[in-house]
Amino acid sequence: MEKYAILGYPLKHTMSPPIHKRLFELEGKSGVEYEICEVPPEALAEKALYLNSLGGYNITIPFKVDIIKYIDEMDESAKRYESVNCVVRRDGRNIGYNTDCFGFLRALEAENAKLGGRVLQIGCGGVGRMMAIEAIRHGAELTVVVLPGFENTAAAVADELRRQGCPESDIARMSVIHADEISGDFDLLVNATPVGMFPKIENCPVSEEVIGHCGCVFDAIYNPNKTKLMQIAEEKGIKAVGGMAMLVWQAVVAHEIWSGASYSDSDINRIIEDMREELSK
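Residue numbers (numbering that gives the first Met the number 0): 0 to 280.
Don't take every hint at face value.
[Claimed, not checked] Within a straight-line C-alpha distance of at most 30 Å, the following computed DSS-like cross-link-like pairs (lysine-lysine) qualify:
id, residue 1, residue 2
1, K280, K199
2, K113, K78
3, K227, K280
4, K199, K225
5, K68, K46
6, K28, K280
7, K46, K238
8, K20, K46
9, K225, K238
10, K225, K235
11, K113, K11
12, K28, K46
13, K235, K20
14, K11, K28
15, K238, K280
16, K68, K20
17, K2, K113
18, K199, K235
19, K113, K227
20, K113, K68
21, K227, K238
22, K28, K113
23, K28, K2
24, K11, K235
25, K280, K235
26, K113, K238
27, K11, K46
28, K199, K11
29, K68, K11
30, K68, K280
[Unchecked claim] Beta-carbon label-pair distances, calculated as ranges:
id, residue 1, residue 2, range
31, A154, E276, 24 to 30 Å
32, Y262, N111, 16 to 22 Å
33, S279, G164, 42 to 48 Å
34, E41, R172, 28 to 34 Å
Calculated from the structure, these hints are not laboratory results.
Glycine included, each C-beta is placed from N, C-alpha and C at the ideal position.
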């Protein structure tokens, strides 16, 4: 029997098992086991030996960096962010990937939303660091909004781009402002903060006026399914993409890595909608 897993701590509310179950079924692999490995940090070394015997596994907080010392090789995507959230065992070697970036890009691509032009991003810590870097890599003119005193998070993005060999002319396309300085029109608004996440679902990271000047909205939050930000955008006739799409597309990329699987857009859209319904129960 093929076996896969997700590693993290804690994992009480992970959506990964039902998503991967559906993807395995679409591959015709209904008997595959996908295990939840909720492991305290002090037990990682012991558990890594077991995980590296599987066909592959996913990694979430707090092990995306710590797992690196237990694998044999890193794909370019993992090297770019010095972070691994997917491992495949191939020819006796365990290779780490970062599918966060692919999930983000594929979720936008599926909605014909481009990560170019003028991008307004709220926050750039955590997953926002990846989003900001990808925006610059894809030629965007990026405006990052940070809270006073948190300018260092944007500075860390610039340092990371330099580490990756990004030209200073590209880095110069990123500007850093505070919320009261937002002005102008943007092709894409990205929320990389937890503002609007359950249970504080009435919060919104920017004003209705700012939202109205954006061509498309992406919110990394997946609980609730439609944040206040997304609701306002849709009321204004603006396309809005939520975090559940990114979560499912990350899983899709993992299966492409593990077995070369391919899926139709309609199948993936159905899984996204079904997971949204599951979350709402």
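* Just pull the numbers of the violated hints for me, sorted ascending. => Violated hints (numbers, rising): 7, 11, 13, 17, 20, 22, 24, 30, 31, 34; every other hint is consistent with the structure.
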